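> Sequence:
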Amino acid sequence: MTNSDVDREIDIEQEYVAGLYARVDAMREEAAARLVAARRADGDREAVAVRQAEVARLDAVERGLCFGRLDLHDGWRVYIGRLSLFRDEGDEPLLVDWRAPVAQAFYTATATAPQGVRRRRRITTRGRVVVALNDELLNPDGAGDDGLVGEAALLAAVTAERTGRMHDIVTTLQAEQDRIIRHESSGVLVVQGGPGTGKTAVALHRVAYLLYTRPHLRTRGVLVVGPSRIFLDYIGQVLPGLGESSVVTATIADLWPGVEVSRVDPPGIAELKGEVVMAERLRAAVRSRVRLPVDPGDSVEVEFEQQVLRLDPRTCDRAVRQARRTSLPHNQARLVFQREIVDVLAERLIQAMEAVVFTDAGEAIDGGSPDGRLTEADLRALAAAGVVIGDDDPDGPRSLLDGIDRAGLRYSLLADTGVQAALDGLWPPLTPQRVVSDLLGERDDGWSAADVPLLDEAAALIGHGTDRPAFGHVVVDEAQELSEMAWRMLMRRCPTRSMTIVGDLAQTGNPAGASSWDHVLRPHVRDRWQLARLTVNYRTPAEIMAATTDLLATHHPGTPPPRSVRSTGEPPWRIGTTPADLPTVIADLAAAHTDGQLAIIAPSVHIESLATALSLITPPNLTDKVVLITPDQAKGLEFDSVLIADPATILGAAPLGHNDLYVAMTRATRQLGIVHLGRPPAELSAMRELKP
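Every letter in the sequence shown is one number past the one before it in my numbering, and letter 412, counting from 1, is 405.
One or more of the hints may lead you astray.
Unchecked claim - FRET-style restraints, in silico, Cβ to Cβ:
no. : residue 1 : residue 2 : range
1   : 93        : 180       : 21 to 31 Å
2   : 543       : 608       : 49 to 59 Å
3   : 209       : 512       : 25 to 35 Å
The hints are simulated quantities; they were obtained by calculation from the structure and are not laboratory data. What you are looking at is a predicted structure, and each value in this text was computed from that prediction instead of being measured. Glycine residues also receive a C-beta, built at the ideal position from the N, C-alpha and C atoms.
Go ahead and model the full structure; you've got the sequences and the hints to work with.
Structure representation (structure tokens):
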């Protein structure tokens, strides 16, 4: 098209887009009025929450309301955007939600499989103004069809300067990503993909799609679990930008409120704590806290109102078996145990009271009937003495205590401090913190991240915190980092086992993390999980991925890297220095950097000295132009350029240090530099060397 043709088409689209915004403005005013009315209606919280969500959704679609158009061979024209808009009920839509079935062709139609599409138009707006159009004619000959949809828009998005916050990719989704987003799995869907394949974006867009197609999830709730608060801040605006602001985000540690993670376990200890055998060890530890007399001659003395009652081993054992037969957690089963024991104690007291009755003169009346109840002779004597007794069986021997008296006696026994102390000695109440600290032998030195799943396991065993929220769907990002115990913790939050799990086994850094999806999932869902793969790297240039070849070949032989869609012509480089000069060299390189956002990724042993040399804060503000982070903090993030300090220490700091280095090397969209101490690690020796 000529420039004048383009201008004319932009004017046409501008008029249409302006009409869409006018409709949204009207809907926003109506929603605001309904919100005011709901707030005035006696504070109906549920109605107010619904109206607030409606207003928030309409506010969220302001940016990029309409971003596409499909011209179909049958003459229909469909505009694609962030929500569906209608002029009036029953009319054809003015705008189709990107999650609707008819919109799928916008992401998946190609020249070889046009799906009825003649032309796909991408509409770029700035604010409410249309600033550019990009048309693709889907010719039947398929010339130049390389599998990428909207290549120009895609490359513009992936090469744009990073801001420290992830944005949605709803305008540039590719076919393999869209297929996963719309996957109809009702169980567990595992999305395996290498660096830069868009795993996180796919998972978040899948959440938006599921909330659109399965409305019941809005009431059951959706949880997104990430590896760190830094990561969750990074992705925090994606779902609101898609009109979904009610999703809960958390780290594993966040799922157990009230515990502050204040220390880091050595890799070996973290690995041991993450193994599933810890669940059985905790179960055994809880059961062992029930301590009963063993020898037949042993008994437990219970003092009550100056009387000493004795519990023999057989009675205690019977009460324990009755309590455990309920399958209740420890603290709840303890109440059953107490009830059984108190019933025995109360019956003994009642029998003693009814077996011997004393007159006011202190004379003992007949010992009662053989069953321990008062005979007719006893009753006549008591009546003559003016004693009133229960009348529950007028035709036979009657009890001295009626039902109310018996209940009162049981209550008195339970409330008695001496009785309670004796019962606690047999079956004590427990807290998760006490169970875990006793098992680990750790005292007063805080909790580690690996302790949190243990605390949750202990809580489940003893019945502490049984009001923990459950969710209708759970998304786990960087899922390869979860230990077996963390998976148990997570499964308790998702009874339906409806999950989207995204990760890359070649990036596992946690020594207790996953090496096989089947290994960590089968104990919980058997074969109710499916694997989907992302194979195209949209973020990392081919030159950087080539630099990881030796690293992958050495530690993950046979694992192909994802295919990069672009090259930058800027090969990665390395430079050597000494430990003493490392902060200065890094600071000089950072000062010389002017092209976009720079991340300096260093092992934790260098963070303090580098932060001082560069005047950087830790943990970082991800929107700063230069940020300093560890490889663990870098998971899931991306930057324009990356500078790695001391790769040898990253390699040797943990059993899976090679995966941490792989993560660090694949965060950049443009440039990668490495500063090593002395000779470089063998896996990096082929990289281009710069001379100081």
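> The structure should be examined with respect to each hint, and the outcome stated for every one.
Results of checking the hints against the structure:
Take residue 93 and residue 180: their Cβ atoms lie about 24 Å apart, and the range 21 to 31 Å holds. Between residue 543 and residue 608 the beta carbons are some 35 Å apart, a value that contradicts the proposed interval 49 to 59 Å. At about 32 Å, the beta-carbon gap between residue 209 and residue 512 stays in the expected band of 25 to 35 Å.
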